[in-house]
Amino acid sequence: MISYEHVTKIYGEGKSAVTALSDVSLTVERGKIVVLLGPSGCGKTTLLRCTNRLESITRGKILIAGKDIMNMDVIGLRRQIGYVIQNIGLFPHKTIAENIAVVPKLMGWDAERIAKRVDELLTMLRLDPEIFRSRYPAELSGGQQQRVGVARALAADPEILLMDEPFAAIDPINREQIQDEFLKLQEQLKKTIVFVSHDIHEAVKMGDMIALFNQGRLVQYDPPELLLTHPKNKYVADFVGADRALKVLSIILAKDIMDPEPSNIVKGQDSAQDVLKVMEKKGWEYAIVIDQGKPVGYVESQNLKYERGHVIELAESYPVHIFKRTPARDILSYMLMFDLSSLCVVDDNGEFIGTVTYDDIQEKVRQSYTIDAGRD
Amino acid sequence: MGVLHFVEKNFYQVLFLTWEHIFMVGLSLIIGTAIGVPLGILITKKANLAKNVINGANVIMTIPSIALFGLMMPILATVGHGLGKVPAIVALVLYSQLPILRNTYVAIKDVPPSIRDAGKGMGMSRWQLLKEVEIPIAAPVIVAGLRTAAVMNIGIGAIAAYIGAGGLGVYIQQGIDRVYPEMIITGAVLVSLFAILVDGLMAAVEHVLTPKGIQLEKRLAQ
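Which chain is which? The protein sequence lines are A and B, in order.
My numbering numbers the first residue of the first sequence as 1 and each following residue consecutively.
My numbering numbers the first residue of the second sequence as 1001 and each following residue consecutively.
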């Protein structure tokens, strides 16, 4: 856990003094990602750099696990905090393995333990150790370099990660992918992460909490949903954008809204006439056909009327299936594209695990707007 | 043919003078490096000192070599070394300072801030940062400075014959005095060959000391 208490940072003295941070207080819970968000020059990077004492604070306190960082040995403090920066900062003269090994080496690990850890991290970040271990940073693409940057920060398994716009230099397609991978990784690692970004999309996607800054002041500190649905003032509303309701859709994931046990399920081997009877009796507009655990498609009553045989042969297949982590924004887009009001959620093996309907999405959005934000 | 004959006749003297030249330039380069590289690194941490030190080295460089030898004489005469190898080596050390200092300073300063930041942020001490990151990255440019200094000092070393420092300059100086073309050519050709050889050698050292990752970076950037 990291606590910032009344942190103030002033550069220079007298008339030329510039206040970079003004009385900032916030707490980063253990295992959560807090995004420091704001336009350039708002103080977000300064706050991050104060955390590992690359900058000193003028007034206030920063506590890590209850201990004042000013009372810690600065070198020791930095070694127990992973640090990822925007320009990656890989050492060009060291191989990928040597780059990742920096902190473990500084901490005096033996060679065997370091080698094992390097391979483990490369594998974790989906870089084949056999190929990448002995390469140099110049031989890697931007996305690969950034993965190595993350691996290096994780090398000595620090509790805390500081990430300064880590994915900003990567092209949009790779950025989405590396963000997704990083979130998946974080689900297992549960690091305490302070993440600087100027991009509201990234903040909404990555953050458990978002701290929005303006001119050195903390304007709003809330979960992404609240920031989007209940902006505290005009500055926040403008920053998050007029399409903020749509942005809410990108934080709602299929797993948050799916119905794991929908009633309108039929088996592939059921006969058309039996299914039709059930549908008429229960008033279903359509039924989902599942065969051997996998969704085959859907049937509507008008298609069954004059048919015999099994529903598996009559089912209209779904053009697309969605996954647990598919955001509602994409789901809604599919629904509009294919004129469907429900889609099946499948796991990595394609097994059926639930459905999401248009109504589920609408209900969830309505809920997030009615959360009582009465904490002001 | 006269030149070869001259060399054949004076073979051991030629060897000796060549050795003297190597010694003079080599020793001054070693001392010059021992002073220039640490000083160059030191001034990267002290901005106002940097300006003065580099300006000072610039001024020394501006003084013509023959005048610098002249200036050294009365100063070093007070400790009994007005003539000979000592003033020559002192002068060569002073001359070598500008290329060595300036290249070291610029090379260390040019290490990208993001790389330095990453090292610091990961908990490297100042010394570790210097040893593990800054010096290896700066090495090629530092060696390039040594290369310039070495080649320059071979040339200036030839003039040191006028203050009795020995070396291949002796043939040039005496050959002119005695109007002995074979002698002049022998001295001139050997000094030139020596300079070309050392330049090539230092280029090889530069290549060897350039870390592989940085070579790749340069090649891929082209």
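The reader is advised that the hints may include incorrect statements.
Said to hold, decoys possible - Each computed BS3-like pair below joins lysine-lysine, with the alpha-carbon atoms no more than 30 Å apart:
1) A:Lys116 - B:Lys1109
2) A:Lys191 - A:Lys294
3) A:Lys61 - B:Lys1051
4) A:Lys255 - A:Lys294
5) B:Lys1051 - B:Lys1131
6) B:Lys1109 - B:Lys1009
7) A:Lys105 - B:Lys1051
8) A:Lys294 - A:Lys32
9) A:Lys15 - B:Lys1045
10) A:Lys205 - A:Lys15
11) B:Lys1009 - B:Lys1051
12) A:Lys15 - B:Lys1218
13) B:Lys1131 - A:Lys105
14) B:Lys1212 - A:Lys255
15) B:Lys1212 - A:Lys15
16) A:Lys305 - A:Lys255
17) B:Lys1045 - A:Lys105
What the hints assert, rightly or not - Chain B regions said to be covered by chain A (calculated; three or more residues, Cβ under 8 Å):
18) 1047-1053
19) 1112-1121
20) 1130-1140
21) 1206-1213
Don't read these hints as lab results, they were simulated from the structure.
It should be emphasised that the depicted structure is a prediction, and the values quoted were computed from it without experimental measurement.
Here a beta-carbon is modelled for each residue, glycine too, at the ideal position from N, C-alpha and C.
Here's how the hints hold up against the structure:
no.	hint	verdict
1	A:Lys116 - B:Lys1109	violated, 35 Å
2	A:Lys191 - A:Lys294	violated, 35 Å
3	A:Lys61 - B:Lys1051	violated, 38 Å
4	A:Lys255 - A:Lys294	holds, 18 Å
5	B:Lys1051 - B:Lys1131	holds, 24 Å
6	B:Lys1109 - B:Lys1009	violated, 53 Å
7	A:Lys105 - B:Lys1051	violated, 37 Å
8	A:Lys294 - A:Lys32	violated, 35 Å
9	A:Lys15 - B:Lys1045	holds, 27 Å
10	A:Lys205 - A:Lys15	violated, 41 Å
11	B:Lys1009 - B:Lys1051	violated, 52 Å
12	A:Lys15 - B:Lys1218	violated, 45 Å
13	B:Lys1131 - A:Lys105	holds, 14 Å
14	B:Lys1212 - A:Lys255	violated, 48 Å
15	B:Lys1212 - A:Lys15	violated, 49 Å
16	A:Lys305 - A:Lys255	violated, 35 Å
17	B:Lys1045 - A:Lys105	holds, 26 Å
18	1047-1053	violated (count 0)
19	1112-1121	holds (count 8)
20	1130-1140	holds (count 4)
21	1206-1213	holds (count 3)
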